[in-house]
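Going by the numbering used here, 294 is the number at position 294 of the sequence shown; the sequence numbering is gapless.
Calculated directly from the structure, the hints in this document are not laboratory data.
Quick caveat, the model's predicted, so the values are computed rather than measured.
Errors might be hidden in some of the hints.
[What the hints assert, rightly or not] Heads up, simulated DSSO-like pairs for lysine-lysine below, C-alpha to C-alpha not over 27 Å straight-line:
| id | residue 1 | residue 2 |
| --- | --- | --- |
| 1 | LYS2 | LYS12 |
| 2 | LYS229 | LYS263 |
| 3 | LYS263 | LYS228 |
| 4 | LYS117 | LYS12 |
| 5 | LYS59 | LYS117 |
| 6 | LYS153 | LYS166 |
| 7 | LYS166 | LYS12 |
| 8 | LYS117 | LYS153 |
| 9 | LYS153 | LYS12 |
| 10 | LYS153 | LYS59 |
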Amino acid sequence: MKYTQLGRTGLKVSRLVLGTMNFGPQTDEADSHTIMDAALDAGINFFDTANVYGWGENKGRTEEIIGNWFAQGGDRRDRTVLATKVYGNMGADGEAWPNHDKLSAVNIRRAVDASLKRLRTDRIDLYQFHHVDRNTPFEEIWQAIDVLVQQGKILYAGSSNFPGYKIAQANELAARRGGTIGLVSEQCLYNLAERRAEMEVIPAAQEYGLGVIPWSPLHGGLLGGVLKKEATGGRRASGRAADTLADPAARARVQAYEDLLDKHGLEPGETALAWLLTRPGVTGPIVGPRTAGQLASALRAVELELSGELLAGLDEIFPGPGPSPEAFAW
Numbered sequence: 001m002k003y004t005q006l007g008r009t010g011l012k013v014s015r016l017v018l019g020t021m022n023f024g025p026q027t028d029e030a031d032s033h034t035i036m037d038a039a040l041d042a043g044i045n046f047f048d049t050a051n052v053y054g055w056g057e058n059k060g061r062t063e064e065i066i067g068n069w070f071a072q073g074g075d076r077r078d079r080t081v082l083a084t085k086v087y088g089n090m091g092a093d094g095e096a097w098p099n100h101d102k103l104s105a106v107n108i109r110r111a112v113d114a115s116l117k118r119l120r121t122d123r124i125d126l127y128q129f130h131h132v133d134r135n136t137p138f139e140e141i142w143q144a145i146d147v148l149v150q151q152g153k154i155l156y157a158g159s160s161n162f163p164g165y166k167i168a169q170a171n172e173l174a175a176r177r178g179g180t181i182g183l184v185s186e187q188c189l190y191n192l193a194e195r196r197a198e199m200e201v202i203p204a205a206q207e208y209g210l211g212v213i214p215w216s217p218l219h220g221g222l223l224g225g226v227l228k229k230e231a232t233g234g235r236r237a238s239g240r241a242a243d244t245l246a247d248p249a250a251r252a253r254v255q256a257y258e259d260l261l262d263k264h265g266l267e268p269g270e271t272a273l274a275w276l277l278t279r280p281g282v283t284g285p286i287v288g289p290r291t292a293g294q295l296a297s298a299l300r301a302v303e304l305e306l307s308g309e310l311l312a313g314l315d316e317i318f319p320g321p322g323p324s325p326e327a328f329a330w
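Use the sequences and the hints to build the structure in full.
As structure tokens, then:
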């Protein structure tokens, strides 16, 4: 495994991040523990979750699965950089009691304590805001975070799904407050098929020293060989991938992508991950394996070297927006 610093911090994290969203809804607890053990054995030390994972009436279940894994001992907790998130409504019926969601100081304090209990740990290494809260000022958010850092309950704060201007706003206020390190990471939707983050989010993250953690690196399976799997009777596209393939032009691009990788003898999913590892500012993509076999495939991407010819071919099929502001100014 290869490691890098998380943004401008001194924290060393693996170049692949283990995403746990499937733990509970699609992968049972025993298999989830097997995957986490395999990830740690392979050198992945960066695990990502969220308080809402488990979904519906099972919100919080994923954190509980991770907490039960930590409780098995063997230095599991000390070897893991643990990231979770706050923002979502934790009500099982979808109705939040006032102040039981988003980023008020009241909810942040409540949510941290609840996550710590489920995770069976005394600290969260990276506490991430799962979405922007347009009604809570950053003065209040940073005051709450400062208290939690002083209490030792969290070590760093990060954002997720933030636009570039909110990253700037958050960190400019943190700098003015003094004594607050501010955001150290941004977790955003970013992959070969979805490159809009290159316009504002990634430049803002680089300017302010945030590590970029892409989620959905295969765009819901679209970049994982979906057309070949369809042709051979394998798992059909669903969700984001199916929506994209409904557009004939997008389907043609995916076919060109798979044909290009066939020419180079490469697997689509591994290549899509390896491409993200070449991108400026990227700490590491989140991989969310449902099985140990899927984890093994993701691990191969770390050692994959992509040629200049291949990178140019990928850019031709999935062109980025170009540098900002030139891409939209003229």
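These are the hints, each one checked on the structure:
Distance hint between LYS2 and LYS12 is fulfilled; the C-alpha atoms sit about 10 Å from each other, no more than 27 Å. Between LYS229 and LYS263, the direct Cα distance comes to roughly 17 Å. Compliance with the 27 Å bound is thereby established for this hinted pair. As the CA atoms of LYS263 and LYS228 are separated by approximately 14 Å, the hinted pair is consistent with the 27 Å bound. For the suggested pair LYS117 and LYS12, the alpha carbons sit about 26 Å apart, so the restraint of at most 27 Å is met.
About 14 Å separates the Cα atoms of LYS59 and LYS117, which keeps this hinted pair within 27 Å; it holds. Between the alpha carbons of LYS153 and LYS166 the distance comes to roughly 25 Å, so the proposed pair stays at or under 27 Å and holds. Of the pairs offered as hints, the one joining LYS166 and LYS12 holds, with about 25 Å between alpha carbons and a cut-off of 27 Å not exceeded. Restraint check for LYS117 and LYS153: satisfied, since their Cα atoms lie roughly 11 Å apart, inside the 27 Å limit.
Of the supplied pair hints, the one linking LYS153 and LYS12 holds, its CA atoms being roughly 19 Å apart against a limit of 27 Å. The hinted pair formed by LYS153 and LYS59 meets the criterion: a straight-line CA distance of about 21 Å does not exceed 27 Å.
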